[in-house]
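Sequence order for the protein chains is A and B.
Residue numbers for the first sequence, in my numbering: 60 to 89.
Residue numbers for the second sequence, in my numbering: 66 to 576.
Source of the hints: derived by calculation from the structure; they are not laboratory data.
The reader is advised that the hints may include incorrect statements.
Claimed, not checked - List of simulated lysine-lysine pairs, DSSO-like, C-alpha gap at most 27 Å: (1) Lys123/B <-> Lys85/A; (2) Lys279/B <-> Lys85/A; (3) Lys349/B <-> Lys279/B; (4) Lys437/B <-> Lys492/B; (5) Lys85/A <-> Lys492/B; (6) Lys485/B <-> Lys85/A.
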Amino acid sequence: MSTVLLICWVALIVVSYRGAIYALDKLNLL
Amino acid sequence: MIENMDPTMVNWARAQFALTALYHWIFVPLTLGITWIIAFYHTIYVRTGSEEWKRLTKFWMKLFGINFAIGVATGIILEFEFGTNWSNYSWMVGDIFGAPLAIEGIVAFFLEATFFAVMFFGWNRVSKKFHLFSTWMVAIGSNMSAVWILVANAWMQYPTGQSFNPDTARFEMQNFADVALSPVAISKFTHTTSSSMLLASLFIISISSWYLLKGRHIRMAKRSIVVASIFGLLASAMVGLTGDEAAYEVAQHQPMKLAAFEGLYKGEKNAGLVAFGMINSDKKVGDDQDPFHFEIRIPGLLTLLANRSLGTFVPGINDLIYGNRDEGIMGADEKIEKGKIAIARLAEYKEAKKTGDAQGAAAALAVFNEHKPYLGYGFLDKPEDAVPPVAMSFNAFHIMVVLGTLFPLVFIAFLYFSWKGTIQEQKWLQVLGLPMILLALAAHMAGWIVAEVGRQPWTIQDLLPVSVARSNLTTGTVQTTFFMFAALFTILLIAELSIMAKQISIGPEEE
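Full structure from sequences and hints, please.
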């Protein structure tokens, strides 16, 4: 479970980053 | 020596540590979370070259800088308190506890502080790419700081990778990897840092809501809200996942703490989780009062949370204090007896060593080793002393969980109206957004109360009670420093809030 949590933690930063760029682009705020 | 100590001193020392830790925690989660978001803003600026993104990045960086300084000031005092008020603790476990604290200072904090200077003062002084690299290093460095501090705290909750040396009466590290990679440490790190990202997102939403209400810096506020809502929503999901793991680890290693979270006095199979309830703060272990004035339980959910299976037993406070033969649980009463034997044999062993009685020393050591796991219990006067403050643990745990469930709804609302393009018209939502940073701080404070109050009476779970861990100081000296720190921290907090309020009212500055 510890390994899963650490993978999820890295994914949280990567997916937040990608998701925020996608949303800003869609809303013409980039 | 321990018997002659002033018993109220330990309560003042605990109060002083709580005061310092909770003040420290006003500033730390914002640092841990907002650095990732600032690194994102800075990356967008470097990628687009837009002056608007540069102003936005510098604005949030400035607020972070104000916050960072006071976080450091309170953190240093916190570390000194281990020496001043908890010198027996430092003596007995310093070999283990000191290692992660030293790594935090020498590796993580130095990394963070060095790059902080480049990040803050590097505009137009270093290349854009190196400047951006520095910003990311501040985010990584501050979160690495958290790793080592939380490894140290996790070891207090689950003291693995150590053994007690009867010759020195100190705990010594046997396996560094067991300490650094314990499941409690990893669940603590991921839970704390993801909830810090959640708090930082709400900080940005609170300030951006204020700008929208005032009709100022509209485009910056909209951008900030979109980014914070996405970071915050994903962090909320992570907080839920890691919170579940944290509760499971507590159930495995600190069953008394879990029972206190839920006001569970009588253990049961398929124990329910209290969804809503008012705990009876007058209830004592062993009396016949009802633990709750009223409560609504979700059947079976506590068993599922604690054991990840249905139909299994979750021990209550009474089971852990007086034992439960049917479930194979040894009570604190029996552990205290064994602990007192361990203490007596340890004294015999030392005396025999001193007089050169090798045979007597070996015999005493053999009995000591048999009873060693219960050594900490030998310092408790009565079984009921092993119960933490139940009402405080219960209330803090449920405040944390309720707020943690509310926050994702806030992020969804902000994201929905941003997506529809009507966020500027939703005055009700902007007003709702204003106090969110305060609620996030309340959830964080409740989380630390859950972790630390729930562990009482231990500094090191089952090994070292607070009554033994303290320094031999008079109550008066600890009271004096308590009020001194309370005044100092309050002045620092007022200074920070007034500087931050001024910067927020100025807003992003033109170049």
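### Query
Does the alpha-carbon distance linking Lys279/B and Lys85/A stay inside the 27 Å limit?
26 Å, holds
### Query
Is the hinted pair Lys85/A and Lys492/B satisfied, with a Cα-Cα distance of at most 27 Å?
Judged against 27 Å, a Cα distance of about 23 Å means the pair holds.
### Query
Is it true that the CA of Lys123/B sits at most 27 Å from the CA of Lys85/A?
24 Å, holds
### Task
Sort out whether Lys279/B lies within 27 Å of Lys349/B, counting only the CA atoms.
This hinted pair is violated, its Cα atoms lying about 52 Å apart.
### Query
Taking 27 Å as the top limit, are the C-alpha atoms of Lys437/B and Lys492/B close enough?
63 Å, violated
### Holds or violated: Lys485/B to Lys85/A, with C-alpha atoms at most 27 Å apart
11 Å, holds
Violated hints, in rising order: 3, 4; the structure is consistent with all others.
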